[in-house]
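Novice: These protein sequence lines are chains A and B, in that order.
Reading the first sequence from the start, the letters are residues 1 to 285 in our numbering.
Reading the second sequence from the start, the letters are residues 1001 to 1282 in our numbering.
Using 30 Å as the maximum straight-line C-alpha spacing, the simulated DSS-like pairs for lysine-lysine come out as follows:
id: 1; chain 1: A; residue 1: K70; chain 2: B; residue 2: K1236
id: 2; chain 1: B; residue 1: K1101; chain 2: B; residue 2: K1169
id: 3; chain 1: B; residue 1: K1104; chain 2: A; residue 2: K10
id: 4; chain 1: B; residue 1: K1236; chain 2: A; residue 2: K136
id: 5; chain 1: A; residue 1: K10; chain 2: B; residue 2: K1101
Don't read these hints as lab results, they were simulated from the structure.
Quick caveat, the model's predicted, so the values are computed rather than measured.
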Amino acid sequence: MARTGPIQNKIMLLVCLPLLIWIAAFELLPIAGMLVMSFQDDSGQGFSLGQYIRTFTSDIYLQAIWNSLKVALISSVVGIIIALVCGYAITRLSEGFRDRMLMVSNMITNFVGVPLAFAYMIMLGNNGAFTLLFQKLGLESLSKFDLYTENGLLLLYIYYQIPLAILLVYPIFHGIREEWKEASALLGASAWRFWRHIGIPMMLPSILGTFSILIANALGAYATAYALTGSNFNLLSIRIAALVSGDIFPNFQLGSALAVILAIIMLLAMFLNEWMTRYSRRRGL
Amino acid sequence: MRDSSKPAVRRKEAGPTIIIAVLLLYLFLPIVATFLFSIAKDWQSSILPTSYTLSWYGQIFSDPRFLFAVLRTLLVGVLTVTLGLAVMVPVIFVLAVYFPKWEKLLQISVLLPFAFPPVVAAIGLIKLYSGGPVPLTGTIWILIAVYFILIQPFIYQSVRSSLRTIHAKDLMEAAEVLGSGRMNAFLRIILPNIWSGTLVACLLSFSMVFGEFVMGRMLVGGEFETVQQYLYNAMKVSGPSASAVVVTYFLFIFLISGIVLKLGKRKPKGYLAHPKPGGEDQ
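Just chain A, same shape as in the assembly (with noise of 0.2 Å):
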């Protein structure tokens, strides 16, 4: 086997050149790029650590922090709550309707962004047909639901991240040994008690980590706020697009320290799911 000395084998990394470019181009140095620009001053000069400075000091940053950082949380929380409780009974089905299932699911992940935004304000917009329904029924708590509050984004997100959480969590289920059920059972535990003290335990990880991608998804969103209101949200996503593209006179610094702000808390969020994948990995999950 002549052919397979050193020399040649190096030579077929030769393929992996154009990815490189490519790669380096539009991905690495725009992110040093914005690096860079987040500790440099608003004329895009010197090293100071200013726009940071100036994003922890200001009620509207810190507060687009908190409240991209609050819609996250919540919607996450309730997403897995219930992707949990969905992903479960979609292990009950018979396998045909299970597949199915997992199809409608992920074909709903591409139903985010303005398509979502806008099918919902067509259900709970000022003249939606639900907004209607609950004024029919004299439901005036329900019919006064606006649907352009956090609230209303709340809802959205919770949307979207329900059928990326079951497709996420379903795979869970299937560390879930029958053996230990029935065990538990053998040895006098209801079914409450198995999930209670066995079951969740033995998940935990895994949830945590898909807990995780939840939060960086939310993190990141941007055209669904977007598009159900402009910039009318204070959320972190959407500061740094009116900073780089708005109306406003541009100002990259200042956008690029939220822009590293923001990804760090995505790495983190990302760090936490490696982590989790690795400890249940070793609980043998």
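Given the coordinates of chain A, assemble chain B onto it according to the supplied hints.
Specialist: Chain B in isolation, oriented as in the chain A frame:
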């Protein structure tokens, strides 16, 4: 892995069925509402439309602006996916078969878009490519360049698992023992056997390109109107025609998901499942 769904242990339970029915209702409600809106002739103050029409569909499909938006998005999709496959498939193959140690690097690169979502990544891109030696913003080229980055995960996942399914390494060794050149073996043995995975990657990438809004808006804006930009603009002008766009988009996604599912179940001829239960990949 043990299948937890053996029919023997399973009784017909009402609970799960009800939960799933509620879930389906909840998930499809916005889509049904949009559909009703798109075929409503008059839907102002009543709960359900009073009369129906298909004229909104007629309107968008005879609107050159919409058709051009679809064509532009298709063009971006085709170019991005073609380039993406041409660049990535050989890399995934070479790393998987000959340099497994280096695969970790590719995995990290594939994960980067998740850590840096479009709204974050766009800042550096705008700064680097508007003006300067390579002014790309506002053109189709910047979209192709960044969508390439965004579809990497789909291509990597689908192609990698196809290679695993066909035991690419063993196949290559066999081909080489029988005297075939590597290039020849790759083109005539590996490629024809991973086409279903590659097709899945194409379709997922396409649905990503058709659903992408942020990069399009921040990097290109009005100069190159894609489907999502068109939808965003239509939404502000005419609700019913925007809903016809949404329903059309959804049908497109539905079609793609269906094909992906069908392809995902296909196994190459003579396929033998991994002896290891569970496999390395979920």
